[in-house]
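Please model the entire structure based on the sequences and the hints provided.
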Amino acid sequence: MATTTRLTHDEKINKLNKVIDKYRGQGRKVLMQLLQEAQAVYGYLPLEVQRMVADALDLSVAEVYGVITFYSFFSLNPKGDNQISVCMGTACYVKGAQAVLDKVISELGIQVGECTQDGRFSIHACRCVGACGLAPVMMINENVYGRLTPDQIPEILAKYKEA
Amino acid sequence: MDKVNVTIDGIKIEVPAKYTILEAARSAGVKIPTLCYLKGINEIGACRVCLVEVVGGRSLSAACVTPVTEGMVVQTQTPRVRNTRRSTLEMILSDHNRDCLACIRNGNCELQTLSETYGIREISFEGTKSPSQYDDVSASIVRDSSKCIACGRCVAACQKQGISVLSFINRGFETAIGPAYDISMADAPCIYCGQCIIACPVGALHEKEDDERVWNAIMDPKKHVVVQVAPAVRAALGECFGLPIGTRVTGKMFAALRRLGFDKIYDTNFGADLTIMEEGTELLNRIKTGGKLPMITSCSPGWIRFAEFYYPDFLDNLSTCKSPHQMEGAIIKSYYAEKKGIDPKDIFVVSIMPCTSKKTEADRDEMFNPSLGVRDVDAVLTTREISRMIKQAGIDFNHLPDEGPDQDLIGEYTGAAVIFGATGGVMEAALRTVADILGEQDLPAIEYQAVRGVESLIKEAEIEIGEHKIRVAVAHSTAAARKLLDDIRDGSAPEYHFIEIMGCSGGCVCGGGQPQIDAQTLMDIDLRTARAQALYEEDVIMPERKSHKNADVEKLYQEFLEQPNSHKAHALLHTHYQRREIYPDSVLQSNDTE
Ligand code: SF4
Ligand code: SF4
Ligand code: SF4
Ligand code: FES
Chain A
251 MATTTRLTHD EKINKLNKVI DKYRGQGRKV LMQLLQEAQA VYGYLPLEVQ
301 RMVADALDLS VAEVYGVITF YSFFSLNPKG DNQISVCMGT ACYVKGAQAV
351 LDKVISELGI QVGECTQDGR FSIHACRCVG ACGLAPVMMI NENVYGRLTP
401 DQIPEILAKY KEA
Chain B
319 MDKVNVTIDG IKIEVPAKYT ILEAARSAGV KIPTLCYLKG INEIGACRVC
369 LVEVVGGRSL SAACVTPVTE GMVVQTQTPR VRNTRRSTLE MILSDHNRDC
419 LACIRNGNCE LQTLSETYGI REISFEGTKS PSQYDDVSAS IVRDSSKCIA
469 CGRCVAACQK QGISVLSFIN RGFETAIGPA YDISMADAPC IYCGQCIIAC
519 PVGALHEKED DERVWNAIMD PKKHVVVQVA PAVRAALGEC FGLPIGTRVT
569 GKMFAALRRL GFDKIYDTNF GADLTIMEEG TELLNRIKTG GKLPMITSCS
619 PGWIRFAEFY YPDFLDNLST CKSPHQMEGA IIKSYYAEKK GIDPKDIFVV
669 SIMPCTSKKT EADRDEMFNP SLGVRDVDAV LTTREISRMI KQAGIDFNHL
719 PDEGPDQDLI GEYTGAAVIF GATGGVMEAA LRTVADILGE QDLPAIEYQA
769 VRGVESLIKE AEIEIGEHKI RVAVAHSTAA ARKLLDDIRD GSAPEYHFIE
819 IMGCSGGCVC GGGQPQIDAQ TLMDIDLRTA RAQALYEEDV IMPERKSHKN
869 ADVEKLYQEF LEQPNSHKAH ALLHTHYQRR EIYPDSVLQS NDTE
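For the protein sequence lines, the chains are A and B, in the order given.
The numbering of the first sequence is my numbering, which starts it at 251 and goes up by one.
The numbering of the second sequence is my numbering, which starts it at 319 and goes up by one.
Hints listed in this document are in silico derivations from the structure and should not be mistaken for laboratory results.
There is no bait here: all hints are sound.
Derived DEER-like restraints, expressed as beta-carbon distance ranges:
(1) B:THR493 to A:LYS409: 36 to 44 angstroms
(2) A:THR399 to B:GLU530: 50 to 58 angstroms
(3) A:LYS409 to B:GLU899: 41 to 49 angstroms
(4) A:ASP368 to B:SER774: 53 to 61 angstroms
(5) B:SER774 to A:THR340: 56 to 64 angstroms
(6) B:ILE900 to A:LYS329: 20 to 28 angstroms
In this text, a Cβ means the ideal position worked out from N, Cα and C, and glycines have one as well.
Now the structure itself:
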């Protein structure tokens, strides 16, 4: 739904190199900025990107990884065109969110934090989304689905598969 | 120096203005507990164990990071301080795998000592434990995160090494300490220097223990077990038995090894003298034939791994010499075996080392002798491990008589070898020999003060021998190596002939296999100097202080190796290196979805 024109890996790396060159040699103080721009260009921050960033700023990969995992807006894994979050807040959890999540996982064949091969879906861990009245709740992109049961999942996902 | 007046628990004292409350209190004889603090390494005020009350301040202050000010009045024993301190400790303990009895740090743990001192009897908030990882895949280091209190001391120590393999990852309740992706230390670009182990106040990082294998070899009547012990061990082993830091325990150490039941006991110093013959000759050849310069020493396996990971463009600069204990192992399995008529396959060589990286070194493919079908060295024990074996054997270390190594074949050593354990020592030993050879005389001046000491992490000297000028540099710690090599790369350093690099600051006396000293004791001393002094003391009392005067080494060449750098010497005593990749994609196969 979001970006339909996909850049090839090489194109993304090219753009990334431009971003990185801008900051090369400036050290830890520009790490956050560089990571934000790198994620904007590349979509997420896999090991390959971390190595390039570490190298450019004279940091270790572990230092870069530490910062990425500290801030939740950085992502180690690719995000799908459709981002699915199943709320695991207390209210949803009590009303069976785990079974809903399990169903999403088995339908798509990926784990939380992962993205499907075709790039269409990714699943994200998620805290309370503030829709406790509708528990259990799932969001796909901006759309909220409430009072879910596992058997509704295939039908909902199907809509996004076609698009 | 600017001074200020402060009052601590009613004691008035004048201290330097740059002091923290913690340092001022120590001067006043008031002990404030610490946990995350490690002088000069980790001063981040994270654990809150050191909180004190500053009169006039609203909240409690962390003594380890709060500077003193003129007229400051500090109280370390108010009910508020005591209660906070106790609940902080209880919080830390509630998420801690408290199996002290089965823990490697039992009896030498800063957390255990604090719980004991502050009389913790029960832990009121028994929370869920964070998920933990037990990683014992590498041959050198074990990481048990169930013991980790996230104090950050290891992170800072590794950063101080200029490596930063360890980092804080995730956050909140899921905060962990580890390499990127929390992969095994075996897959991380870690050099196994063990400085993180030395920094850790608890049992979360420790050496991979090999004592069981050594006990089994000793008990096996078919095995001829030969032990060798590195110079730096004698400068620190006494600490494990309560002796003052810097006590030289050479005599008791050999007596203890004999009582442990090793069949043959030698000093790695023999291997060190042999190293000087091989390395000195290699240097002179490189200078004469226009070989690759500067030549860099290769005794420190932490440094070798560092070069292989981070400076592979310098691998041709490394001396091809194996490290002294590997040389000695190779000679024991060949020359010694032949002379004694023992099948090398029946010999088990144990090296007692101040170093955790040596464990992985001994496991390298290059340290296997294919023609004999044996390894140079079969097991490496750290100073800490041998101290535990001595205790287990019921040996009363402090009352042992002084003994020496066995004397036959490879028993002799010189003062030049002993100082290998301190930064600058290998350089000094090499110069003593190279100067004599180049100058074709027996030079009386043998102490090269310029390369000694820890004041500076990089030391330089220019030595004139006849019409020759030799330019040398010495670097200790991999961070110092990084600086020196960067300067050489960009051409800002002078053209050196010879460089000594040791992976650990201070050299082997402060290696990752040495006894851990608690952070409070470390506030008052420089461990590197205190331990090195024990080695220089031994150098002075040795009848011979130049490696080429070692009669057993001379005989080894006459009867077996022919001459330094001979074909046979190359096969047994030299090695090669390999470029290593940092975080290749393969370390993540299961993680990466790209
Ligand atoms: S780390 Fe210290 S407190 Fe924890 S189990 Fe080991 S000895 Fe006990
Ligand atoms: S062994 Fe050395 S390089 Fe490895 S993590 Fe520890 S301090 Fe860092
Ligand atoms: S491993 Fe040890 S030094 Fe490192 S953070 Fe944990 S407790 Fe502290
Ligand atoms: S905060 Fe001072 S010792 Fe940890």
